[in-house]
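Got chain U; can you put chain S on it based on the hints?
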Amino acid sequence: MNLAYRDIRHNLGRFLLTCFGLSLLLGVVLSMIGIYRGLVEDALTLVRTPGVDVWVVESGTRGPFAESSRIPGDTREAIARLHGVSAAGSITYQSIETRHEGVKLRLYVVGYEPGRPGGPDRIIAGRALGRSHYEMLADRRTGLKPGDRVTLGRDTFTVVGLTDGQVSSGGDPVIYLTLKDSQQLQFELAPPAARREMARGAGPGTTDTVNAIVARVRPNASADTVVETVQRWKHLAAMTQAGQEIILTRSVVERARKQIGLFTAILLVVSAVIIALILYTMTMDKIREIATLKLIGAPDRTIIGLILQQALAMGVIGFGFGALLIITIKDYFPRRVVLQPEDGLALAAAVIVVCVISSGLGVRLALKVDPATALGG
Amino acid sequence: MSTAKQQAPLVSVGDVSKHFGEGSTRVDALREVSLEVYPGEVVALLGPSGSGKTTLLNVIGCITEPSSGRVSLDTELVYDGRWLRDDLRKLRLEKIGFIFQFHNLLPFLNSKDNVAVVLSLAEFDADAASRRAVELLDYLEVGHRKDAMPAKLSGGEAQRVAIARALANKPRIILADEPTAALDSQRAGIVMDLLRKVAEEQQAAVLAVTHDEKIFNRFDHIFHLRDGRLEAGHG
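Taken in sequence, the protein lines are chains U and S.
Per UniProt numbering, the first sequence runs over residues 1 to 377.
Per UniProt numbering, the second sequence runs over residues 1 to 235.
The following block holds chain U by itself, in its conformation from the complex (with noise of 0.2 Å):
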């Protein structure tokens, strides 16, 4: 006879409530590691997108992500020269903020050559860049579509077709312009700042600069020796694809990182004070009948079984509960939530772990409780 099941079948509605409850609080926790695979996959995304080798960026920084990089546009064609280079691309970043039909658009502005690498891995509507100028692809999550119309700078731009799943490290969706659009909306002047400058003898200025190289290496070539040749010109700074990965996971997200990581650790031990507590007052309430149960004979094992098995039953159920919560609502969080099985049967671990540590304070109650209790009025 189970008497953890016919208790919970007896109390059904308030165990329910009181795995709602929990379940809540390891959604939470669930969306917590969600948020942050979600960061780490968004600052990969970038990276990860023009499929390339080699980055090249300005001497002495770490860009163009961790730090910020200038290089003379023509670079490129040095780069694309390189023994064992297959392709090279002139890229730039830039945050920008507009408005689109009343509505703020925080948008991270990507520039890169068609043709060349740098540019978004697929299209999931319209198409892809076709003229030189005033096209843009957005992502999905602008809530743009194609067809719009969006002012950036002193031009206006044409979506003509959507990506998916591209955002910047800080969350923003991102925008492919051509690199002459973007070059200009990066670099430009305004015309009374250009004036000045003329006024003070300067020259216009150039737009010709990006914030980085990409290349592709050859099949039977070295990423690591294409490294090694770009860095012996003092100007540039050269990394390999895993070296620029690991600069935004150990810099860009790290304090992000360790931020939602303590969060999660004290969440976790909030979730398991509360499933003490809760088992704790669980066995409060039933200390006349564990007090009977000793009277009439049951052993220790029994009345541990009732509690270890009600806070398993609690822990995967609240669990269960959670992680359906989140699975239905992680698309409506404003940043990406990623839920990998691997977090989620850990997460489901450390919850039964909790849940057999948390009801040893109701074990040990219980098994303080003086079978004589029974007794008397």
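Think of the hints as simulated: they come from the structure by calculation, not from any bench.
If you're wondering where the values come from, they're calculated on a predicted model, not measured in any experiment.
Just to be clear, a hint being listed does not mean it is correct.
Said to hold, decoys possible - Derived contacts from chain U toward chain S, CB cut-off under 8 Å, selection only: (1) 1; (2) 10; (3) 14; (4) 284; (5) 285; (6) 288; (7) 289; (8) 292; (9) 295; (10) 297; (11) 298; (12) 299; (13) 302; (14) 371; (15) 372; (16) 374.
Glycine included, C-beta positions come from ideal geometry on N, C-alpha and C.
Chain S in isolation, oriented as in the chain U frame:
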């Protein structure tokens, strides 16, 4: 009665003392108490509050360890200056049935399962436990309420289910703590008749702590306790 006393007593308490605390805080709850209860007997423990009735019931029920003396249950010496068995709960399961003032049925089990739980603890298989539980409920004329939860039972029905639970594992000793205190005189009479029936048919010894004057005439023997000492009894 005489037939019963030709047999060995089911409960034998010899010179049992129990004190709590030491020095100025010492309280002597029991002072060299000796009594015997024979098969088929229904006896009462009577006395004012603090006289040691519950302590004596707890000692016989192997719940409270005496300070000195000897206790034998069903001819087995279980205490002689120390407990002689480690598994006192198993001992209770095998030899003693408990009946409580407020029935103490497990609220999450129906009547049948409240009885069957004892058999389940005694490692009966589920079908056998269920059959025996229904038999007992029928025996105590409450079989029609076998599926009812305790909250749905009347006081008398609940107490009969509690008696069925006490009898489930065929114990030879029944300890009852104020078994009729929560019942009116008619239901109290029915419960006492049931205990008498059990004592006679199963040759069990029933020892009840009671203050209930309306049932004094139902006992074979009444043990009076005062200040932890047993006074002269009368049948």
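Now the hints, each set against the structure:
Of the supplied interface hints, the one on residue 1 of chain U holds, with its beta-carbon coming within about 4 Å of a beta-carbon of chain S, less than 8 Å. Restraint check, residue 10 of chain U versus chain S: the minimum CB separation of about 3 Å is within 8 Å; hint holds. Checking residue 14 of chain U against chain S by beta carbon gives a least distance of about 12 Å; that is not within 8 Å, so the hint is violated. Given the 8 Å rule on beta carbons, the hint for residue 284 of chain U is violated: about 15 Å separates it from the nearest Cβ of chain S.
Violation of the interface hint for residue 285 of chain U is found here, the shortest Cβ-Cβ separation to chain S being roughly 10 Å, above the 8 Å cut-off. Look at residue 288 of chain U: its Cβ gets to within about 7 Å of chain S, closer than 8 Å, so that hint holds up. Taking 8 Å as the C-beta contact cut-off toward chain S, the hint placing residue 289 of chain U at the interface holds, the least distance being around 5 Å. A distance limit of 8 Å between C-beta atoms decides the matter here; for residue 292 of chain U the minimum to chain S is near 5 Å, and the interface restraint holds.
Below 8 Å, beta-carbon pairs count as interface contacts, and residue 295 of chain U has one with chain S at about 6 Å; its hint therefore holds. Restraint check, residue 297 of chain U versus chain S: the minimum CB separation of about 3 Å is within 8 Å; hint holds. For residue 298 of chain U, the interface hint holds, since its Cβ comes within 8 Å of a Cβ in chain S; the closest pair sits about 5 Å apart. Annotation: interface hint on residue 299 of chain U holds; nearest CB of chain S at approximately 6 Å, less than 8 Å.
Given hint, residue 302 of chain U at the interface with chain S, holds; its Cβ is 7 Å from that chain's nearest Cβ, closer than 8 Å. Evaluation of the residue 371 of chain U hint against chain S yields a held restraint, the C-beta minimum of about 5 Å falling below 8 Å. For the restraint placing residue 372 of chain U at the interface with chain S, the shortest Cβ-Cβ distance is roughly 5 Å, inside the 8 Å limit, so the hint holds. Using the Cβ-Cβ criterion of 8 Å, the hint placing residue 374 of chain U at the interface with chain S is satisfied: the shortest such distance is roughly 5 Å.
The structure is inconsistent with the numbered hints 3, 4 and 5, although it conforms to all the rest.
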